[in-house]
Amino acid sequence: MRPPGSSLELGLIGNCSISALIDAQARIVWYCLPRFDGDPVFHALLADPPSWPAKGSWTIEIEDFERSEQAYDDGTAILRTRLIGRNGDAIEVVDFAPRFFTRNRPFRPAVLVRRVHPVRGHPRIRISMRPMADWGRVVPQITRGGHHLRYCGPAGTLRLTTDAPITYIEAETWFSLGGPLNLLLGPDETVERGVAEVAREFEEQTAHYWRSWTRALALPLEWQAAVIRAAITLKMCLFEETGAIVAAMTTSIPEAPDSQRNWDYRYCWLRDAFFVVRALNSLSEVGTMEDYLRWLHNVVREAAGGHIQPLYGIGLEKTLPEVQLDHLRGYRGMGPVRVGNQAQEHFQHDVYGNVVLGAAQSFHDRRLFRRADAGDFALLEAVGERAWATHDQPDAGMWELRTRARVHTSSALMSWAACDRLAKIAVVLALPERAIRWRERADTIRERVLTEAWSERRQAFAESLGGNDLDASVLLMAEVGFIDPCDPRFIATVDALEASLCDGPYMRRYEAADDFGKPETAFNICAFWRIDSLVRIGRREQARAIFEAMLAVRNPLGLLSEDTDSRSGELWGNFPQTYSMVGVINAAVRLSAPWDSVI
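Here the sequence shown is numbered in my numbering, starting from 1 and rising by one per residue.
Keep in mind that the hints were calculated from the coordinates and are not lab data. Ideal placement from N, C-alpha and C gives every residue a C-beta, glycine not left out. Heads up, a few of these hints could be off.
As the list claims (entries may be wrong) - If you anchor each label on the Cβ, the simulated ranges turn out as follows: (1) Arg404 to Arg144: 54 to 60 Å; (2) Asp188 to Glu241: 33 to 39 Å; (3) Glu197 to Ala374: 25 to 31 Å; (4) Thr444 to Glu204: 27 to 33 Å; (5) Pro321 to Ser176: 23 to 29 Å; (6) Asp495 to Lys318: 17 to 23 Å; (7) Asp365 to Arg193: 28 to 34 Å; (8) Ala218 to Gln342: 21 to 27 Å; (9) His364 to Glu241: 26 to 32 Å; (10) Ala389 to Leu551: 27 to 33 Å; (11) Arg103 to Ala389: 20 to 26 Å.
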């Protein structure tokens, strides 16, 4: 049972350009500009405010608040929060970021829209706008116009355009809500039409966009609401301008209480992005893949056959220096707050397999506006050469160990995947000599992994070649087609991992201590890898039970973070985590009864 009032009971709104996190009382507690990885205008999530309204937040309160109700509009990224007072008065706050098509191109301005409606009684409300700059170090200067407030910071100016009394907003005065109000926060630009008209049109058009997008998904029969919410969340993690997909929208939410495992995930990991693309492709949503392939093509071209980092900035930045901000207390006071990520410096050899896997469908899928060709294959072959050269070399591994290098099974596995997919692409392109070359290399890697990763002592595939420690990542062997899931060695590995790493439905990443000791919480994607493996080896009912348990620990809006406390069911880690939302889609697609069972 999740504790009431958990801080990760948050909703995500966004438009593939900006995003914001909103808590159960309609308080915006996280909002970065000009991009997902930018300076947080609202940063209360990491400031541990002693009281509300707080610096770094945007609150809309009802007098004598008693409780709230919150839900997304079906099939959209529009969030509604109903605030109810002790005397029965009620208001509704509608939050979204505009997204729709106009003039045959996506319209996704850096604008947040908040619409406030009286629902019952004669409610009194207070609107408190407390943006900050430079990670909470600078209070913007406020100037006012006829229908707007301007918040002027060192890096730019934000404008709040509204039909609410700006005197009340500036002074944070309680006032009676006699009718609907509209608030648009965005660039310092004039809103040419009436704010109510613009807000209403934006809401209608945005709802139409998301419902049309959802309508085109090829959904499984079961768990459709969960899949839709996961898919919309993954779509919002796409920075459409460049095609990058961030791992999460936040930084420094600890993986476990007071663990110091606080990292900045607002960047594009090639590993995570591949799994996002793969999950959305399974729902026949290929637009995200096409956007991502634009970004990935730039990464590969820039590498020119050399080292590829495991992650980059969403604008292709290579340098993401990790710094610690000591003036912020951190999530629930559990610092440190880190900006940037030292993993940019790592050698993680699975990255080459993830590049090839991410691009492979573009050689086979005739729906794409631009199918990959021989020129693209030549670029990918350079990536494959790196996979071949590094498949037996020590690295930091997919869990990004900072002080230990080994020849990780998961890295060798993905090197095999690179060679295997290149062989298959070569067949499609009618390049038989290249197909033979890559098939021979794939077979060589496969034989070595099957021999050297197998631990007789543990009767399982271990986390490294020649090792004995167990690691959930070896479950990917079945997902990427490396091994027949009915192979006795794979079944034995599943059994060993369940005995060593599982706490009921939850699963930890690995058993060996790392730089910070042994992991305390379960890593959500591992539970979904376990579900996939169980289905493949025929333990379907067990897999369904685990899936239902994982669905139960989502927050009330259907979102998951990176980690779960196996004792309390509380969510930890950066939020919302794309890896985790991918798991929801994959499990539902894998487990659902077929449509022809009911129609």
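*Is the gap between the beta carbons of Arg103 and Ala389 within 20 to 26 Å?*
Since the Cβ atoms of Arg103 and Ala389 sit about 47 Å apart, the hinted range of 20 to 26 Å is violated.
message = Does the beta carbon distance between Asp188 and Glu241 stay inside 33 to 39 Å, or does it fall outside?
response = violated (20 Å)
Pairwise beta carbon distance, Pro321 to Ser176, judged against the given window 23 to 29 Å
Between Pro321 and Ser176, where Cβ atoms are some 50 Å apart, the hint is violated.
Note whether the CB distance of Ala389 and Leu551 lies within 27 to 33 Å or breaks it. Hint violated: Cβ distance 42 Å, outside 27 to 33 Å.
- Query: Is the distance from the Cβ of Asp365 to the Cβ of Arg193 consistent with 28 to 34 Å?
  - Reply: This hint is violated: roughly 42 Å between Cβ atoms.
CB-CB spacing for Arg144 and Arg404 relative to the 54 to 60 Å hint: holds (57 Å)
The hint says 25 to 31 Å between Glu197 and Ala374; measuring C-beta to C-beta, is that right? 52 Å Cβ-Cβ, so the 25 to 31 Å window is violated.
Worksheet entry | Whether the CB-CB distance between Ala218 and Gln342 falls inside 21 to 27 Å | At roughly 39 Å between Cβ atoms, Gln342 and Ala218 fall outside 21 to 27 Å, so the hint is violated.
request  = Could you tell me whether the CB distance from Asp495 to Lys318 stays inside 17 to 23 Å?
outcome  = Taking Cβ atoms as reference, Asp495 and Lys318 lie about 42 Å apart, which means the hint is violated.
Q: Look at the Cβ atoms of Thr444 and Glu204 and judge whether their distance stays inside 27 to 33 Å.
A: 58 Å Cβ-Cβ, so the 27 to 33 Å window is violated.
- Should the hint that His364 and Glu241 are 26 to 32 Å apart at their CB atoms be regarded as holding? holds (27 Å)
Going through the hint list in order, the structure does not satisfy hints 2, 3, 4, 5, 6, 7, 8, 10 and 11.
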